[in-house]
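Modelling step: build the complete structure from the supplied sequences, incorporating the hints.
54 is the number that this note's numbering gives to position 54 of the sequence shown; each next residue is one higher, with no gaps.
Keep in mind that the hints were calculated from the coordinates and are not lab data.
Be careful, since some hints might not be right.
[Stated by the list, open to error] Label-pair ranges, simulated between beta-carbon atoms: (1) Asp7 <-> Leu51: 20 to 28 angstroms; (2) Ala43 <-> Leu1: 20 to 28 angstroms; (3) Asp20 <-> Asp53: 40 to 48 angstroms; (4) Ala46 <-> Asp6: 33 to 41 angstroms.
All residues carry an ideal CB built from backbone N, CA and C; glycine is no exception.
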Amino acid sequence: LVPMGDDAAMAEALGRVVGDAVWRQDLRERALERAEELSSERALKAWESLLSDV
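Here it is, written out as structure tokens:
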């Protein structure tokens, strides 16, 4: 991510995404992993596990 309102940083970041296929693939994989960590299904399972221990 880039600082809010920093157009130069945004342009640089977009240039890197477009121009660096290896970095782009790594970014994609990490984003998918993070999305899975934050999924509602996973959160529900964590709550169920916590409540079953009470």
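Unmet hints by their number, sorted upward, for this structure: Violated: hint 1 alone.
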